[in-house]
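S.K.: These protein sequences, in sequence, are chains A and B.
If you count the first sequence from 1, position 378 lands on 378 in the working numbering, and the numbers rise without skipping.
If you count the second sequence from 1, position 134 lands on 531 in the working numbering, and the numbers rise without skipping.
Please keep in mind that the hints were generated in silico from the structure rather than gathered at the bench.
The beta carbon of each residue, even a glycine, is placed where N, CA and C say it ideally should be.
Hints are supplied without guarantee of correctness; some may be wrong.
Claimed, not checked - Example chain B residues on the side facing chain A (calculated, C-beta under 7 Å, incomplete):
1) M398
2) L448
3) L452
4) V462
5) R482
6) N494
To be verified - Label-pair restraints from in silico Cβ distances:
7) V340(A) x Y412(B): 33 to 39 Å
8) G472(B) x L5(A): 38 to 44 Å
9) E576(B) x L333(A): 42 to 48 Å
10) L348(A) x D537(B): 37 to 43 Å
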Amino acid sequence: MELALKDIRRHLGKFLATIVGVAMLLAIVLVMNGIYQGNIQDGVWLIDNTDADLWVVERGRGGPFNEASRIPLDSYKSVAATPGVARASPLALYAAQRVINGREQQFTLIGYDIFGGAGGPGRLVHGRTITAPHYEMVADRKLGLQLGDRVPLGTDHYTVVGLTSGAVDSGGNPLIYLALPDAQKVQFEQDKRAIQAAAAANLQRLNRAGYSGEQAARLLPLLSAGTSNINAVLVKLAPGADGDAVSGHIRDWLYFNVYSTAEERLLMLEGKLSRMSAVLGLFRSLLLLVSIVIIALIVYVQTIEKIKSIATLKLIGAPNGLIVRLIMTQSMLLTVASFVVAYLLRDLIAPGFPRTLGFLPVETALTFAVMLLGGVLASLMAVWHALRTPAQLALGG
Amino acid sequence: MSVVEIQNVSQTFGYGELAVHALKPTSLTIEAGELVALLGPSGSGKSTLLLAISLIQPPTTGRIVIDGQLLYDDGPTGVDVRAFRRSKIGFIFQQHNLIPFLTARENVALMLQINGVGRRESTRRATDLLGYLEIAHRADSLPAQMSGGEQQRVAIARALANEPALILADEPTAALDTERGTKVMAMLRKIARERRSAVIAVTHDHRMIEGFDTVYHLDDGRLAQVDHKVQVASEVRA
Chain A
1 MELALKDIRR
11 HLGKFLATIV
21 GVAMLLAIVL
31 VMNGIYQGNI
41 QDGVWLIDNT
51 DADLWVVERG
61 RGGPFNEASR
71 IPLDSYKSVA
81 ATPGVARASP
91 LALYAAQRVI
101 NGREQQFTLI
111 GYDIFGGAGG
121 PGRLVHGRTI
131 TAPHYEMVAD
141 RKLGLQLGDR
151 VPLGTDHYTV
161 VGLTSGAVDS
171 GGNPLIYLAL
181 PDAQKVQFEQ
191 DKRAIQAAAA
201 ANLQRLNRAG
211 YSGEQAARLL
221 PLLSAGTSNI
231 NAVLVKLAPG
241 ADGDAVSGHI
251 RDWLYFNVYS
261 TAEERLLMLE
271 GKLSRMSAVL
281 GLFRSLLLLV
291 SIVIIALIVY
301 VQTIEKIKSI
311 ATLKLIGAPN
321 GLIVRLIMTQ
331 SMLLTVASFV
341 VAYLLRDLIA
351 PGFPRTLGFL
361 PVETALTFAV
371 MLLGGVLASL
381 MAVWHALRTP
391 AQLALGG
Chain B
398 MSVVEIQNVS
408 QTFGYGELAV
418 HALKPTSLTI
428 EAGELVALLG
438 PSGSGKSTLL
448 LAISLIQPPT
458 TGRIVIDGQL
468 LYDDGPTGVD
478 VRAFRRSKIG
488 FIFQQHNLIP
498 FLTARENVAL
508 MLQINGVGRR
518 ESTRRATDLL
528 GYLEIAHRAD
538 SLPAQMSGGE
548 QQRVAIARAL
558 ANEPALILAD
568 EPTAALDTER
578 GTKVMAMLRK
588 IARERRSAVI
598 AVTHDHRMIE
608 GFDTVYHLDD
618 GRLAQVDHKV
628 QVASEVRA
């Protein structure tokens with residue numbers, strides 16, 4: 001006779017309620033796993049999804065993600081001329097917040113060379129890539145935009161021609177791709193009135209310095225903030241080229257910082273992501289621990305509730321195996337059923353979750369294994385208690 | 398034929414000056430079909446004697462033979478006591494102690510199944526036993542759905558399931574009113590006579606004394622007095 005199943009059948013409501021309660025807690029653990037991995041996936045998404053072997057950034061900077069980097073546009077031509085470089089592409093990156101679709105949204109603008117340069121959007125889920133030199137954009141669908149929507153950025157409007165899915169920056173914010181000149185304009189060009197005010201101030205300074213009207217007019221552009229900067233150059237190495245040698249050459253001769261994709265990834269993981277990963281990892285561990293403790297307590301309390309029945313079973317001569325099976329079966333059923341429900345809950349929560357959730361099967365399996373181990377340990381504790389229960393407890397009132 | 402033979406069984410808890418002699422050397426013999434009461438006030442040693450006979454709490458000294466099997470001779474004799482209890486001894490408790498999540502039939506069948514009887518056969522025999530104890534109509538009820546008297550009858554059916562040579566009952570009527578207690582006593586008597594099981598009941602329920610064949614009075618851990626009902630004893634021996 002399977003006592004555990006009989007007990008569960010008689011107290012089905014209580015058992016199901018317990019499963020739901022534990023499952024909700026476990027679902028949080030699983031979602032936290034997803035947040036942890038999602039944080040890392042988001043953090044390195046752009047690095048992993050950019051077809052570059054080397055990242056060239058401003059000297060002395062850990063850019064372009066961890067630290068601002070600004071280099072002249074023309075520098076990519078110098079990089080392209082470096083031996084061992086197959087292709088060098090300029091890239092502009094700009095984190096922004098604008099009203100899009102009627103609400104304030106954070107996003108990152110990526111400006112890339114639309115004529116064969118690296119750094120553009122990968123697989124599109126709708127529409128096409130940017131083909132016109134100006135006023136077209138590819139946006140991630142997280143922004144809620146549709147093909148054909150016109151989005152005001154800076155002084156111009158851009159038409160959505162393509163949509164990506166899951167294209168995010170290191171903070172999990174969606175990406176908008178623009179042609180490089182458009183991105184530079186959005187990033188570096190000021191408001192018209194501000195430009196006019198700055199130009200007027202510079203003109204006055206030149207006049208005070210003794211330059212005549214014509215001279216001052218010629219010198220004025222040199223004092224204005226230019227828009228011909230980029231944030232990084234993406235390098236694709238020629239087949240067989242030595243990445244270290246190319247990096248060394250660019251560092252020594254062009255005076256830039258150069259990171260391989262692996263180094264850029266490491267910079268991100270050990271820099272921007274490390275603290276958040278540590279916090280999420282800590283919470284994840286704590287939640288797992290709390291879940292195990294709660295399961296252990298439930299199993300233990302369930303056993304204590306049955307202690308007189310267990311004493312009676314011992315007294316009437318029931319073998320220990322019967323008692324051990326009673327406790328272990330219930331504990332395992334509780335743990336496994338809770339995990340299954342938690343898994344379903346997780347899948348229910350994930351699509352509407354505001355951040356990227358990264359679920360690794362290995363991690364889910366590991367979490368299950370840890371929970372199961374917790375359940376087994378809790379059962380063993382309960383079994384130990386049950387087997388120590390004196391049979392004479394069944395006697396007397 | 399003697400079902401229970403105990404000689405100089407004693408129980409001492411603690412050592413030296415702190416030693417408590419819960420049961421002083423006691424000897425008694427109980428025949429098959431005999432209904433015996435261990436009567437005495439609280440702390441008189443009657444439960445200690447019951448625990449010693451069933452080897453739930455082995456005595457300090459003494460010799461215990463049940464159904465011809467030497468179980469204890471100033472120490473364990475190597476017999477698997479739990480297995481022996483399972484097959485030779487039936488227990489009836491004051492609070493019935495039915496497994497609360499099993500029906501009446503399942504409670505009885507469980508006892509058979511832990512003795513190796515198959516599921517179908519155990520269910521059939523459990524149903525028969527419940528019929529024998531006139532509680533078959535409650536076979537599918539849970540303990541919580543039954544009255545105290547009904548639960549006690551199911552508990553008796555469970556105690557009888559393995560056709561034990563000895564039934565040990567701990568205050569079997571204490572939780573019942575007089576009418577139900579009398580019915581339970583009648584049932585125990587019927588079992589003793591028809592199934593030739595020896596029944597030992599710990600009780601301080603003086604209302605039920607009339608129903609027993611032999612009454613052992615215990616006082617301060619000592620067997621103080623024995624009352625035999627001669628006519629009943631001869632009836633038993635016959």
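S.K.: Against this structure, judge whether each hint is valid.
M.R.: Hints versus structure:
Below 7 Å, beta-carbon pairs count as interface contacts, and M398(B) has none with chain A, the closest being about 23 Å; its hint is therefore violated. The interface hint given for L448(B) holds, since its Cβ lies 6 Å from the closest Cβ of chain A, which is under the 7 Å cut-off. A least Cβ separation of about 10 Å between L452(B) and chain A goes past the 7 Å threshold, and the interface hint is therefore violated. Among the interface hints, the one on V462(B) is violated; its C-beta lies about 19 Å from the nearest C-beta in chain A, farther than the 7 Å criterion.
Hint on R482(B) holds. Least Cβ distance to chain A is approximately 4 Å, under the 7 Å limit. With its C-beta approaching chain A no nearer than about 4 Å, N494(B) sits inside the 7 Å limit, and its interface hint holds. The given range of 33 to 39 Å is broken by V340(A) and Y412(B), whose C-beta atoms sit roughly 55 Å from each other. Taking the beta carbon of each, G472(B) and L5(A) are about 41 Å apart, inside 38 to 44 Å as hinted.
In this structure, E576(B) and L333(A) meet the distance hint of 42 to 48 Å, their C-beta atoms being roughly 44 Å apart. At roughly 39 Å, the beta-carbon separation of L348(A) and D537(B) lies within the given 37 to 43 Å, and the hint holds.
Checked against the numbered hints above, the structure violates hints 1, 3, 4, 7; every other hint is satisfied.
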